[in-house]
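Working from the sequences, and respecting the hints, build out all of it.
The lines below spell out each chain.
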Amino acid sequence: MVKRHPVRKALLWGCMTTISLAIMIAVGSRDLAHFDAALVAYTFATLFATFGITYRYTMWLQRPPTAMYWKRGWQMFFKPQRLLTNIRNLFTRTSSDFAANRFIWKRGKLRWLAHWFIMWGCIVAVAITFPLVFGWLHFASVPGSLDSYRAYLFGFALFDFPVDSIFAFLMFHGLVWSSFAVIFGVMLAMWRRMRDHGAASVQQFVEDILPLILLFAISVTGVMLTASYTWMRGYAFDFIAILHAITVIFTLLYMPFGKFFHIFQRPAQLGATFYKDAGATSEQAHCRRCGEAYSSRMHVEDLISVQKQLGFRYEVAGEVEHYQWICPPCRRAMFVLAQTKQWQGNFGDQMFSSMHEQPAAPRFGNPVISEGPLGHEDQANLHF
Amino acid sequence: MPEAQYEFFIDPSRCIGCQSCVQACSECDTHKGQAMIHLEFVNRHYSTQTAPVVCMHCDSPTCAEVCPADAIKKTPDGVVQTARKPRCIACNNCVLACPFGVPKMNSGAELMMKCDMCYDRTSIGKAPMCASVCPSGALYYGTREQIEAQRPRSMPVNQFQFGQQTISTKVHMMVPRTAHPEHIDVLSAMHDHTSGHDIFLMMHDE
Numbered sequence: 013m014v015k016r017h018p019v020r021k022a023l024l025w026g027c028m029t030t031i032s033l034a035i036m037i038a039v040g041s042r043d044l045a046h047f048d049a050a051l052v053a054y055t056f057a058t059l060f061a062t063f064g065i066t067y068r069y070t071m072w073l074q075r076p077p078t079a080m081y082w083k084r085g086w087q088m089f090f091k092p093q094r095l096l097t098n099i100r101n102l103f104t105r106t107s108s109d110f111a112a113n114r115f116i117w118k119r120g121k122l123r124w125l126a127h128w129f130i131m132w133g134c135i136v137a138v139a140i141t142f143p144l145v146f147g148w149l150h151f152a153s154v155p156g157s158l159d160s161y162r163a164y165l166f167g168f169a170l171f172d173f174p175v176d177s178i179f180a181f182l183m184f185h186g187l188v189w190s191s192f193a194v195i196f197g198v199m200l201a202m203w204r205r206m207r208d209h210g211a212a213s214v215q216q217f218v219e220d221i222l223p224l225i226l227l228f229a230i231s232v233t234g235v236m237l238t239a240s241y242t243w244m245r246g247y248a249f250d251f252i253a254i255l256h257a258i259t260v261i262f263t264l265l266y267m268p269f270g271k272f273f274h275i276f277q278r279p280a281q282l283g284a285t286f287y288k289d290a291g292a293t294s295e296q297a298h299c300r301r302c303g304e305a306y307s308s309r310m311h312v313e314d315l316i317s318v319q320k321q322l323g324f325r326y327e328v329a330g331e332v333e334h335y336q337w338i339c340p341p342c343r344r345a346m347f348v349l350a351q352t353k354q355w356q357g358n359f360g361d362q363m364f365s366s367m368h369e370q371p372a373a374p375r376f377g378n379p380v381i382s383e384g385p386l387g388h389e390d391q392a393n394l395h396f
Numbered sequence: 006m007p008e009a010q011y012e013f014f015i016d017p018s019r020c021i022g023c024q025s026c027v028q029a030c031s032e033c034d035t036h037k038g039q040a041m042i043h044l045e046f047v048n049r050h051y052s053t054q055t056a057p058v059v060c061m062h063c064d065s066p067t068c069a070e071v072c073p074a075d076a077i078k079k080t081p082d083g084v085v086q087t088a089r090k091p092r093c094i095a096c097n098n099c100v101l102a103c104p105f106g107v108p109k110m111n112s113g114a115e116l117m118m119k120c121d122m123c124y125d126r127t128s129i130g131k132a133p134m135c136a137s138v139c140p141s142g143a144l145y146y147g148t149r150e151q152i153e154a155q156r157p158r159s160m161p162v163n164q165f166q167f168g169q170q171t172i173s174t175k176v177h178m179m180v181p182r183t184a185h186p187e188h189i190d191v192l193s194a195m196h197d198h199t200s201g202h203d204i205f206l207m208m209h210d211e
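Chains A and B, in that order, give the protein sequences.
Counted the way my numbering counts, the first sequence spans residues 13 to 396.
Counted the way my numbering counts, the second sequence spans residues 6 to 211.
Hints listed in this document are in silico derivations from the structure and should not be mistaken for laboratory results.
Treat the hints loosely; a few may be bogus.
[Said to hold, decoys possible] With a cut-off of at most 25 angstroms between alpha-carbon atoms, the simulated DMTMM-like pairs for lysine to aspartate or glutamate come out as follows:
id, chain 1, residue 1, chain 2, residue 2
1, A, 121, A, 389
2, A, 83, B, 75
3, B, 78, A, 220
Pasting the structure below:
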């Protein structure tokens, strides 16, 4: 069997998704009949972003640990005996973790507030802009009724609504509302990044600050367009339109390379939860030093396989077989005891060896103060 | 004049289990309120020996290599940082793969957390919180010249053997100069118990 080169595979997938999107644009806009030629630059930037994102995603999926999780995540999801539970969990986790950003709330309230507003602002903006740019969604006057509009999706009539209605006002200003949400979120995020010493020490301009600047620039120039034609009789509209296009196109081109790529990586979190769910109810791995269960056997075996693919050689002679079969607390104990051993015969430290048969199993120093387990999973990382 | 090269040295045999490092660690700005250092009794029934374990900041970090989300990054100065928050998917691979047993999993936050050598401090030349408060010098941050002058009987080692795998680290462990090992074979302690001296209080009659 001929093994495909990872880059070739990524190029192939990138081309396939880009061509698919181009075909969908042609078909969805009824042979470009509803395609707005003024938005052609946005379309090409989107096609480039689609290629870049697919390319990077395919390369990412081919890394040994990612490939393992991708495969296992789907296997565990479609396991017949777990499928119904998984579908239910998919809905609950999508709503709590993705729609409500529950896990970001746990990471920090301010971080959550900023992320939630940015995320929903962007989702609304994308849901409005992309179908309009691709010509999938358009509005036209209802024949014989000048005060009504008709919405079309992929060329099919959807519904009519009065031009002067509140609904029309809210919908036609959807990008304004989304801009307000993004601007508010970006300001909170910038405020946090400027004040938080921890964030300040590890943040990078390209990775953490530039995305915020781009989102802010898109939102502000977008709102300026509305302000120009609503209150300023179109003053500097062309200039603002070009400025807005530059910010959007730059962001689309940046998307595959920078922080925004996490939007496409994040759903992998769902696969990890299904994998862990299946692991919790399956056979456990017991430490070959202390005998305590510390993870699922499946996870340990998968990790051994991944480490071998990555070139690590943690194989151990004898009954242990592989270092991965030692639990994390015992690893910490051995690390320290190995140093103790160095001092033996040098400056008098002695080992207890005759008093008990089991090797030392370290115990957590003080469960009361702040170093306690960070959650139910972390308990397996400590001997209680 | 060249800038002083500060390094992190650990010497678990000096640890007195005072918990100062734990308290100080929890004050670090990069993981506020939660200590990342591990401090455990090696075998509390028989000995007061304690084990302080910080991230050793491997040259080729296994945790980062096995991360499916590519969330663990190393700074140009060799500090392996805690998982990048936008990327970490809380799969637990790093927790299970770290040969030193260092990373912690924060389940609710879906985030791996670990010691990042107080990067907010060390990146501007200050000692990590734990080393700045350790009264016994089990955790020491200073120059090579300083530690050699203060501990003439010890020498730093940063090579660790795990089965067939050798791992070299940014953090050094102090070992006796007379032993002069090229590396520390961690699995040599596979069946070891704890260190100390026998004390029988005879509290109860048999």
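Against the structure, the hints:
1. 121/A <-> 389/A: holds, 22 angstroms
2. 83/A <-> 75/B: holds, 17 angstroms
3. 78/B <-> 220/A: holds, 14 angstroms
Of the numbered hints given earlier, the model fails none.
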